Amino acid sequence: MVEKPAAEKPAVKPSDVIVKEKVEVVQKEEKPVAEKITIGELHLSGCTGCLVTIADNYEGLFKLLDNYADLVYALTLVDVRHVPEMDVCLVEGSCCLDDELSIEELKEARAKSKVLVAYGGCAAYGNITRFCRGGQWNQPGQEAFVPISEIVDVDLYIPSCPPCPQEVRNVAVMAYLLLRGNEEQKKLATAYLTPLMQLAQRGNEACGCDLMYDVINQGLCMGCGTCAGTCPVRAVTMEYGKPNVNRDQCIKCGACYAQCPRSWFNFDVMNNYEGIMDAIKGAMQ
Amino acid sequence: MDVLGNYKSVIAARSTDKDILKKSQDGGIITTLFAYALEEGIIDGAIVAGPSAEPWRPEPMVATSKAELLAAAGTRYTISPNLYLIKEATRSYGLDRVGIVGTPCQIQATRKAQLYPIGMRDVDDKIALALGIFCMENLSYQALEAIVEDHCNQKMESVKKMDIGKGKFTVYTERGAVSQMPLKLIHKYVQPGCHVCLDYVANLADISSGSVGSPDGWSTVFVRSMKGNAVWDGAIAAGCFETKPIDQVKPGLDLVAKLATEKITKNQKHVDERKTVGLKADGTPKGLRNPYESP
Chain A
1 MVEKPAAEKP AVKPSDVIVK EKVEVVQKEE KPVAEKITIG ELHLSGCTGC LVTIADNYEG
61 LFKLLDNYAD LVYALTLVDV RHVPEMDVCL VEGSCCLDDE LSIEELKEAR AKSKVLVAYG
121 GCAAYGNITR FCRGGQWNQP GQEAFVPISE IVDVDLYIPS CPPCPQEVRN VAVMAYLLLR
181 GNEEQKKLAT AYLTPLMQLA QRGNEACGCD LMYDVINQGL CMGCGTCAGT CPVRAVTMEY
241 GKPNVNRDQC IKCGACYAQC PRSWFNFDVM NNYEGIMDAI KGAMQ
Chain C
1 MDVLGNYKSV IAARSTDKDI LKKSQDGGII TTLFAYALEE GIIDGAIVAG PSAEPWRPEP
61 MVATSKAELL AAAGTRYTIS PNLYLIKEAT RSYGLDRVGI VGTPCQIQAT RKAQLYPIGM
121 RDVDDKIALA LGIFCMENLS YQALEAIVED HCNQKMESVK KMDIGKGKFT VYTERGAVSQ
181 MPLKLIHKYV QPGCHVCLDY VANLADISSG SVGSPDGWST VFVRSMKGNA VWDGAIAAGC
241 FETKPIDQVK PGLDLVAKLA TEKITKNQKH VDERKTVGLK ADGTPKGLRN PYESP
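As they're listed, the protein sequences go chains A and C. Per our numbering, the first sequence starts with residue 1, numbered consecutively. Per our numbering, the second sequence starts with residue 1, numbered consecutively.
Warning: the hint list may mix true and false statements.
Just the calculated beta-carbon pair ranges, DEER-fashion [stated by the list, open to error]:
1) 2(C) with 217(A): 32 to 38 Å
2) 285(C) with 239(A): 33 to 39 Å
3) 2(C) with 194(A): 22 to 28 Å
4) 293(C) with 98(A): 57 to 63 Å
Calculated directly from the structure, the hints in this document are not laboratory data. These figures come from a predicted structure and were not determined experimentally. From the three backbone atoms N, C-alpha and C, an ideal C-beta is built for every residue, glycine too.
With these hints in hand, go ahead and build the complete structure from the sequences.
Next comes the structure, spelled out in structure tokens:
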């Protein structure tokens, strides 16, 4: 809403002057940043695939940055040297114990962010860095890598290697609704984010074996094929209606278990799939 | 939520395509809808339960023609892991609009893959038509083999059709023999994972269909989503189906509701029993993992 310039309307009572001042404040803002949330990406021992995944939202990334979130910290994308205060910190990569700076920055990110996300398989579960044993150029002395939850408390997991652009988009939109939305939106965002927060509580070890331990062994597998379709390295195949994991090929990214409809299935969110997908689609237009 | 899920309309229907009816289990709804959607460009291909190297063992395949759809028509009473191809269909096959058919659990998996696309890159907006089939429970291939070969005493490769209805599992052979066994004897073969399933009529599908509720040769069809509604209206306008109001057929919607209630009540009880299956040192119950509460 644009107020008439005060010059056309002589101030006859104090409130006229107050209105004028308010308008000036709003007009001085170059862009309406006040309602956006702030997101940063802390890059530890990862391959930058997670960071690239954010950009894989293409025009959706611009929409996110225009309307919902300011990117306040990210390798190459943001010219900020030190970890700033932020609402949501996406941490990519595992933490190298032989690199003091990694530990310091991770702790700083924890202290300065409201929601700390283990973004991608390495941060959440170690992923491919679980197989590190040192002796690699150009840092042969670095051999100890741990999922970030060994060092700091983590609020939420986004597993897989690489994670999906659509999932980080959904989490960003839901984080926006959680922090800036009305009561109804907060409720939806909480319901949506809860299983990803529960994943963070579940632990930091993942493997295709989870399909055996926590799905088949628990009497929950019905052979839908999701795990095999999800696996980014094709380590899972379906043999006579059940997943078979090639454990030497598994990179321990956590995607298969998190995607399995029998790891969790929250009816309160899923039953409203049409409305939620329309809402996200609408938010991105 | 009601045991039958949200739906915009429910109707008894049968395909008008004679080729499809020759191969279909009941009313040929799924095959006809995919054939129509392919023809109209609503989908570029559909993930269906195709044939495999073994008789009656389905293997997921991406069908892009009516001939391929016909090869996959009819029910196999063992699961075809169709979700296996959901990402592949958008990658290797390069489909922008994917159709998928599945049991209720597979449609749940499809919706989870869309809402929480954790390892399902670029899939969420490419699911153009998700068709669900009614499902009480499912069997492993080896269990199906035991039922057909041991109980019904027929060779898998000589079977022409298998059917479940009126409390019986029936096997029809190529040479005209009919073998039957009571359905209740099948229960010991049911996959454990089916006992925690709380969906009978694929509540989250765009359109779901099954024989229950309609006369022989017909299917009951629930039209559920906006997308499903548009496709169904188009298929009706194109003359793909003959229909009857569901309240004018026997046994009708009451039977669907009865079976859905039975399944969900029984399985909810099983889910609850899992919470107290064991015993902790302090004398309190110890439970198994509950996917409806947390991962």
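Hint numbers the structure violates, sorted upward? 4
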